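Engineer: If you want the building blocks of each chain, they are given just below.
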Amino acid sequence: MAKPRPTKFTSANGLRLLLALAAFLLLAEVFVHRHAYFALEALPLFFAAFGFLAFLVLIAVSWLVAKWVTRSADYYDTPEGDA
Amino acid sequence: MVDVLLSIPGLLLIVGALLVPMLPHAPRQAYMLALIAGSGYLTFGIETGVHVTATLGGLDLILVRAEAMTKPFALAFHLAAALNVFYAMHDANKSTPTAGLAYAGAAIAALFAGDFLTLFLYWELTAVTSVFLVLAGTGARRLGAAMRYLLMQVGSGVVLLAGAVLLWRDGTGLTLQALDALTPAGLCVLLAFGIKAAFPLVNGWLQDAYPEASPSGTVMLSAFTTKLAIYMLAICFAGFTPLIYIGVAMAVLPIFFAAMETDLRRVLAYSLNNQLGFMVIGIGIGTELALNGTVAHAFASTIYQGLLFMALGAVLHRTGTAKATELGALAKSMPLTAIFCSVGALSIISFPLLSGFVTKSLTLGAVAKEGYFWVWLAMVFATVGAVQHVFIKAVYLPFFGPSRKRLKAKEAPLGMLVAMGGASALCLGIGVYPEPLYALLPYGARYDAWKAGYVLGELQLLVFASLGFVVLSWRGVYPAPIDTTVLNTDYLFRRALPRATLAIARPVLRVWFVVLGGLKRGVLQTLKISEQASRESGLVSGIASIGAAAGIFLAMFALMLILRQVM
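Chain order of the listed sequences is A and B.
The first sequence begins at 8 in the numbering used here and counts up by one.
The second sequence begins at 88 in the numbering used here and counts up by one.
Think of the hints as simulated: they come from the structure by calculation, not from any bench.
Among the hints, a few may not be true.
As the list claims (entries may be wrong) - Only pairs whose alpha carbons sit at most 20 Å apart, straight line, appear in this in silico SDA-like list of lysine to any residue:
hint	chain 1	residue 1	chain 2	residue 2
1	B	495	B	423
2	B	419	A	74
3	B	456	A	50
4	B	538	A	43
5	B	456	A	21
6	B	456	A	22
7	B	158	B	134
8	B	538	A	21
9	A	74	B	340
10	B	456	A	74
11	B	538	A	74
12	B	456	A	48
13	B	607	B	646
14	B	456	A	43
15	A	74	B	349
Quick caveat: nothing in here was measured; it's all calculated off a predicted structure.
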């Protein structure tokens, strides 16, 4: 299996735009009251932190699981077991 | 005759489909659109209640019955069928539109079935019509995928029939109504619906077969079967608590598989599975708000999931591939497709002002109101999953990411653009002005998603999840796509089960061949002895008839043994 080649997928301008948007959303937290059903949800910046961390966890877990459940691209194309 | 055709919703499409292959190209398109418009008009006028009944061999059948939630599903199915006609317009192939129209008709008719036997009929009809869509694909793998698909779909129907028979035996009657899932009959029906709704462990057919169909075939497939199953689950099992956790598994597990998968239409098939999870959670909660959420989400997702399949189908049509390893920078050559695809992606991740935002908030609100914290958290996590596999993997990277290969691409054909434009308009329309959709929902319960705090939380979630991607990719640790096979639950019957069967069968066969070999040697020995005995100086040589009889008898015995071995 070929080793995944790391790539930078975003332009510097795209990154700046996203960072500006993120900063704006963090700042908005000061002015907007979030009505919460759960205690955890009521924590300041809960959604920002959860979104960021969940993304990292998702990638890490699927990277780990991939070693276990991925096979070559033609795995099912070769009949097996009827020998 | 005409009365029957017009009084049973969907029948017009099923019967009308027979004429589709006989028409030339342009009239065929007009004919199909006219049929769908007519069917939609007739269907939309049907009020809640029982309309057409029949008696068959002492069984009371309800051929047409509308529930409070039938109308939104029927409308979504008609809209999807109409968009699909536009989407497939460039294609001269006749089998896909024929099968697609009959399939849509069968799904619509099934929505209005009022008893399990009628449902069984249409349930199987959706299977045998839709398999032609898989067969119309072009890849070498489509034949196997189509057969496995048919096996699961027809199998689901057989289990449904078993449930119906049990219900009839128990004296419950065949009427399609709320069932106790914890009875043999209830379990059969739940399993039948669960197979088509792609419950965990029986979901493999979806990711196996859908991406093997032609671009327009996959779009047609994505609309009907699974949403019909969701509708039936909502009718029969609303409030059955285990469904909440089945739904959580459906919403969460596919996002990891989608993260590993390279074929982007297969990524979308996982995404579809994830969306169905949200709907199943709503059914499990079973409150009026939750069921409204399920219905609204089913309606919106039929459109945006279809839109996403359309956009990547257009990419496949123009470039010949839908693999993440080969696509990039397509927005330059397919700008309109890129815009429409972005609308679909923003809808599915529930970006404010788009359909997913208003419909998902109903279910999320219902879950929060009932105090299911972990379920709620899992749903928020599943939304981050959608950001990763749809927004970034299936839309951002192929359309706006770095170019990977010199792909010659042109903008999608006009019909495809019209279909994608229409679907995008619906996503935006529902997102901006959801009132008409709300008016269609079965109950009065509402959830006001337009609180500043809720919008802010949602935006933070989406933007910071995207930031997670940026950080990983700039650190160089965001895994680049690699061409692999990701094992899914279809592994169970494609590899695990055959292996287990062989593991048992091999020793049994070995013993069998030893025994058979012994018998064969025994017969040959007997024949040899009898041959020697019949010779001039042999034991039975004196009496010719006895010798012959013994010989014939032995020959027949040998023949029998040999035949047994052959068969």
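Engineer: Confirm or reject each hint.
Structural biologist: Evaluated hints:
The suggested pairing of residue 495(B) with residue 423(B) holds, with an alpha-carbon distance near 16 Å, which does not exceed 20 Å. The hinted pair formed by residue 419(B) and residue 74(A) fails the criterion: a straight-line CA distance of about 35 Å is larger than 20 Å. About 18 Å separates the Cα atoms of residue 456(B) and residue 50(A), which keeps this hinted pair within 20 Å; it holds. Taking the CA atoms of residue 538(B) and residue 43(A), the gap is near 11 Å; set against the 20 Å cutoff, the hint holds.
Distance hint between residue 456(B) and residue 21(A) is unfulfilled; the C-alpha atoms sit about 38 Å from each other, more than 20 Å. The hinted pair formed by residue 456(B) and residue 22(A) fails the criterion: a straight-line CA distance of about 37 Å is larger than 20 Å. In summary, the hint linking residue 158(B) to residue 134(B) is supported, as the alpha carbons are separated by about 9 Å, within the 20 Å threshold. As the CA atoms of residue 538(B) and residue 21(A) are separated by approximately 29 Å, the hinted pair breaks the 20 Å bound.
For a cut-off of 20 Å, the pair hint linking residue 74(A) to residue 340(B) stands: about 16 Å separates their Cα positions. Of the pairs offered as hints, the one joining residue 456(B) and residue 74(A) is violated, with about 39 Å between alpha carbons and a cut-off of 20 Å exceeded. The straight-line distance between the Cα atoms of residue 538(B) and residue 74(A) is roughly 43 Å, outside the 20 Å bound, and the hint therefore fails. Between the alpha carbons of residue 456(B) and residue 48(A) the distance comes to roughly 13 Å, so the proposed pair stays at or under 20 Å and holds.
For the hint linking residue 607(B) to residue 646(B), the alpha-carbon distance of about 11 Å falls within 20 Å, and the restraint holds. For the hint linking residue 456(B) to residue 43(A), the alpha-carbon distance of about 10 Å falls within 20 Å, and the restraint holds. Of the supplied pair hints, the one linking residue 74(A) and residue 349(B) holds, its CA atoms being roughly 15 Å apart against a limit of 20 Å.
Checked against the numbered hints above, the structure violates hints 2, 5, 6, 8, 10 and 11; every other hint is satisfied.
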